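Peer 1: Construct the entire structure; sequences and hints are all you get.
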Amino acid sequence: MSQIAPTEIALPEIAPPEIALTLGPVFFHWSADRLLDFYRRIADEAPIERVHVGEVVCGKRMPFSDPVWPAVIERLERGGKQVVLSTLAAPATVRERKGLEDICGDERLVEINDVSGLPSRSGKIFVTGPFLNVYNEASARFLIQLGARTICPPVELSFAAIGAMSLKCPEAEFEIFAFGRLPLALSGRCYHARIHGLHKDSCQFTCERDPDGLAVDTLDDQQFLAVNGVQTLSNQVQAFCPAPDALASKAIRRLRLSPQACDMVEAARIYRRLADGRDEPEDARFSLSCLDLPGTLVDGYAYAKPGWQVTVTA
Amino acid sequence: MKARMELVCPAGTPATLRAAVQAGADAVYCGFRDETNARNFPGLNFSPNELAEGVRFAHDHGSKVLVAINTFARVDDVDIWKKAADAAVKSGADAIIAADFAVLDHVARNHKQIRLHLSVQAAAATPEAIGFYAAHFGIRRVVLPRILSLQEIAALNRAIGVETEAFVFGGLCVMIEGRCYLSSYATGKSPNLNGVCSPPEMVSYDEEPSGTTARLSGFTIDRYARGQPVGYPTLCKGKFKAGGKTSHLFEDPVSLNAGGMIAGLKAAGVTALKIEGRQRGKGYVSEVVRAFRKAVDAVEQGGDAVDIDRLLAGQSEGARQTAGAYEKKWR
Numbered sequence: 001m002s003q004i005a006p007t008e009i010a011l012p013e014i015a016p017p018e019i020a021l022t023l024g025p026v027f028f029h030w031s032a033d034r035l036l037d038f039y040r041r042i043a044d045e046a047p048i049e050r051v052h053v054g055e056v057v058c059g060k061r062m063p064f065s066d067p068v069w070p071a072v073i074e075r076l077e078r079g080g081k082q083v084v085l086s087t088l089a090a091p092a093t094v095r096e097r098k099g100l101e102d103i104c105g106d107e108r109l110v111e112i113n114d115v116s117g118l119p120s121r122s123g124k125i126f127v128t129g130p131f132l133n134v135y136n137e138a139s140a141r142f143l144i145q146l147g148a149r150t151i152c153p154p155v156e157l158s159f160a161a162i163g164a165m166s167l168k169c170p171e172a173e174f175e176i177f178a179f180g181r182l183p184l185a186l187s188g189r190c191y192h193a194r195i196h197g198l199h200k201d202s203c204q205f206t207c208e209r210d211p212d213g214l215a216v217d218t219l220d221d222q223q224f225l226a227v228n229g230v231q232t233l234s235n236q237v238q239a240f241c242p243a244p245d246a247l248a249s250k251a252i253r254r255l256r257l258s259p260q261a262c263d264m265v266e267a268a269r270i271y272r273r274l275a276d277g278r279d280e281p282e283d284a285r286f287s288l289s290c291l292d293l294p295g296t297l298v299d300g301y302a303y304a305k306p307g308w309q310v311t312v313t314a
Numbered sequence: 001m002k003a004r005m006e007l008v009c010p011a012g013t014p015a016t017l018r019a020a021v022q023a024g025a026d027a028v029y030c031g032f033r034d035e036t037n038a039r040n041f042p043g044l045n046f047s048p049n050e051l052a053e054g055v056r057f058a059h060d061h062g063s064k065v066l067v068a069i070n071t072f073a074r075v076d077d078v079d080i081w082k083k084a085a086d087a088a089v090k091s092g093a094d095a096i097i098a099a100d101f102a103v104l105d106h107v108a109r110n111h112k113q114i115r116l117h118l119s120v121q122a123a124a125a126t127p128e129a130i131g132f133y134a135a136h137f138g139i140r141r142v143v144l145p146r147i148l149s150l151q152e153i154a155a156l157n158r159a160i161g162v163e164t165e166a167f168v169f170g171g172l173c174v175m176i177e178g179r180c181y182l183s184s185y186a187t188g189k190s191p192n193l194n195g196v197c198s199p200p201e202m203v204s205y206d207e208e209p210s211g212t213t214a215r216l217s218g219f220t221i222d223r224y225a226r227g228q229p230v231g232y233p234t235l236c237k238g239k240f241k242a243g244g245k246t247s248h249l250f251e252d253p254v255s256l257n258a259g260g261m262i263a264g265l266k267a268a269g270v271t272a273l274k275i276e277g278r279q280r281g282k283g284y285v286s287e288v289v290r291a292f293r294k295a296v297d298a299v300e301q302g303g304d305a306v307d308i309d310r311l312l313a314g315q316s317e318g319a320r321q322t323a324g325a326y327e328k329k330w331r
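Protein chains in written order, with the numbering used here: chain A, 1 to 314; chain B, 1 to 331.
Hints may be right or wrong, so weigh each one.
Mimicking BS3-like on lysine-lysine, the simulated pairs with C-alpha atoms at most 25 Å apart in a straight line are [what the hints assert, rightly or not]:
hint, chain 1, residue 1, chain 2, residue 2
1, A, K98, B, K64
2, A, K168, B, K83
3, B, K112, B, K64
4, A, K305, A, K168
5, B, K112, B, K245
6, B, K329, A, K60
7, A, K168, B, K82
Hints were generated in silico from the structure; no laboratory data involved. Since we're looking at a predicted model, the values are computed, not measured.
Peer 2: As C-alpha cells, then:
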C-alpha cells in the first residue's frame with residue numbers, strides 16, 4: 001500500500017475568478033472540422049478558464065478526432081485556457097489502454113474517468129471526472145492522496161452531498177456538473193449500432209448523425225433519454241444555476257458546462273454572469289432556456305430529487 | 001489440472017442461505033438489512049446475528065459465506081459502511097465484497113485477515129484497474145463486469161494475479177454496473193446510492209383501452225396487450241421510441257443464462273461462477289443451485305455439452321434468455 005507523494009507539476013498561471021468555469025469534454029461524435037471550429041470559438045470568445053479535450057465515450061472514434069487535438073490544444077493555450085486531457089470512461093482494447101497510459105504521462109492536467117488510469121497517473125496531479133465513483137469524503141481523501149486536485153463527482157449526487165465533501169476535503173476543488181445532457185450510463189453495447197441493425201464491431205459510426213445524441217422517447221411520447229453510441233444520457237438538459245453565495249458557503253469553486261450543439265459561448269457567458277453575481281439565478285435560467293437546446297431544463301439531481309425534475313422554473 | 005470451479009449462490013434470507021448450502025453451493029453471498037448492499041429490498045437480508053448463525057451453518061456444511069457491502073457510502077455516514085464491514089468480520093464470514101474505495105480501504109487497513117472481493121459494482125475490466133485494486137487493497141478476487149466476452153476474460157486472466165468470478169445466471173444488467181444512474185434519473189433512487197434499481201414503490205400498472213401500461217415514476221416503460229403476460233418495468237428492459245423505431249432499445253426483457261458457457265469460462269481461467277438473485281425465494285434458489293451444481297460437476301468431469309444443457313433446461317421460468325456479452329455478437 002505504498003503511497004507516492006504527488007509532485008506538483010507546472011501549470012499555466014491563471015488567476016482564477018472566485019468561481020471558475022470548466023468546459024467538459026465533448027461526449028458526441030463530432031467531425032474533425034466541427035471540433036476545430038468549436039474549440040476555435042471557445043479559445044477566442046468563451047469566458048471559461050479550463051477546457052477539457054479528448055474522447056471519453058468510445059475508443060473507436062479516436063482515429064477521427066486524435067489528429068485535431070494538437071492544434072486544438074495549441075489554440076486553447078494560446079487563448080489563455082488551461083487544457084485538461086480527458087480520458088476514456090471504459091477503456092477496453094489494448095490500443096485504448098495504451099493510449100490511456102500515454103495520456104496519463106502528459107505534463108498537462110489529465111481527467112481520470114476510469115480506475116484503469118490511476119496506476120499510470122498516481123503521483124501526478126489529476127482531475128476525477130463524473131464517471132469515477134466518488135460518493136463520500138473517505139473516497140475523495142483516498143484519491144487526493146494519489147494526486148486528485150479537482151473532483152467532479154457522479155451526476156446523481158446532490159449539491160448538499162458534494163458540498164459536504166467539499167467542506168471536509170479542502171485539499172481538492174469540487175466541481176459540479178452544471179450544464180448539459182446528463183451522462184447516465186455506459187454499456188458494452190452500442191445503441192446507435194443496435195438501432196441501425198448493426199453490431200458495435202461494424203458500427204459505421206452512425207452516432208455522427210446526432211451531434212446532441214439521439215432522443216429516446218417513451219411509448220407515450222414522453223421525452224426521457226438520449227443515446228450516444230455506448231452512452232445513455234438524459235433527454236433533458238441539466239441547468240443547475242446556483243447563486244454564487246450558495247457555492248461559496250460550500251467552498252465549491254467550479255462549475256462544469258458540458259458541450260452541446262447549441263451556442264456554448266453564449267452558455268458560458270450566461271454562467272459567467274451568474275457566477276460573478278451580475279445575473280440572478282432566474283435570469284440565468286431564462287437565458288439558458290432561450291438557447292437552442294435538445295431538451296427542457298432540469299435540476300432535480302442538485303436537490304436530491306429525481307434527475308428529470310425541475311425544482312425552479314425559468 | 002486447474003482447481004475445481006466454485007459455485008457462488010445468492011441468499012436473501014437465512015432460510016435461503018440454508019437452502020443454497022444444502023443444494024450444493026460452494027459459497028453463498030448475502031448482505032445486511034440496510035443500504036450497505038445492492039439488494040436493499042423490504043423483507044430481505046440479514047441482521048448481524050442472523051449472519052453469524054448463517055456462517056456457522058454454512059461452515060458446518062463445508063460452504064463459505066461472502067458478505068456484500070457493495071453500495072457507495074453516503075457522505076457523512078461512512079461509519080455505517082465501516083461498521084457493516086466490522087460486523088461481517090465478526091460473524092466469521094469468509095470474504096467481503098465491496099466496491100467503494102472507502103469500504104475497501106477500511107477493510108484493507110483494519111481487517112487484514114479477511115479476503116476482499118471486488119464487487120461488480122466497481123466495474124473493473126482491465127488489468128490496470130484490477131491491478132490497482134490488488135496493489136492498494138489486496139483484493140483476492142474480482143467479480144467481472146458483464147460486458148466481457150469469453151476471449152476477453154481469458155486474456156484478462158492471463159494478465160492479472162487475482163481470481164475472477166463471472167455471472168452465469170439471473171438478472172442481466174445491460175449497462176456497466178456501478179456506473180448507471182438511469183434509476184435515480186427517473187425515481188431518485190439508484191443502485192449506488194440506495195442499493196435499489198427501478199424501485200417497486202415507483203411502479204404502476206395502469207389498465208388502459210390498449211392494454212396494461214407499466215410505468216416507472218410516471219414514465220411509460222412498456223405496454224402489454226390484453227392477455228399478454230405483464231413484466232416488471234425495469235428501466236433498461238423497456239420499450240422506447242428512437243430514430244423512428246419502437247423497440248426494446250437497450251435490451252430485450254431477457255435474463256442471463258450462461259449455463260452453456262461453463263466449460264468456456266473454465267477454459268478462460270475463471271475461478272468462480274455466480275448466480276444472481278438475492279431477491280429470489282428459497283424454492284427458486286434451491287432449484288437453480290441444484291441444476292448448476294450438476295452442470296458444474298459435469299463440466300469438471302469432462303461431461304458432454306448437450307447433457308449439460310439438458311441439466312439446465314427448465315430454469316428459464318418461461319422467460320427468454322441470453323448468454324449476454326460472453327458472445328461477442330451481443331454488442
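Peer 1: Compare the structure with each hint and give your call.
Peer 2: Cross-check of the supplied hints:
1. At roughly 39 Å between alpha-carbon atoms, K98(A) and K64(B) are farther apart than 25 Å, so this suggested pair is violated.
2. For the hint linking K168(A) to K83(B), the alpha-carbon distance of about 21 Å falls within 25 Å, and the restraint holds.
3. Pair hint K112(B) plus K64(B) holds up; C-alpha atoms about 18 Å apart against a cutoff of 25 Å.
4. For the hint linking K305(A) to K168(A), the alpha-carbon distance of about 23 Å falls within 25 Å, and the restraint holds.
5. For the hint pairing K112(B) with K245(B), the CA-to-CA distance comes to about 54 Å; that exceeds 25 Å, so the pair is violated.
6. About 17 Å separates the Cα atoms of K329(B) and K60(A), which keeps this hinted pair within 25 Å; it holds.
7. Simply put, K168(A) and K82(B) have alpha-carbon atoms about 18 Å apart, close enough for the 25 Å limit, and the pair holds.
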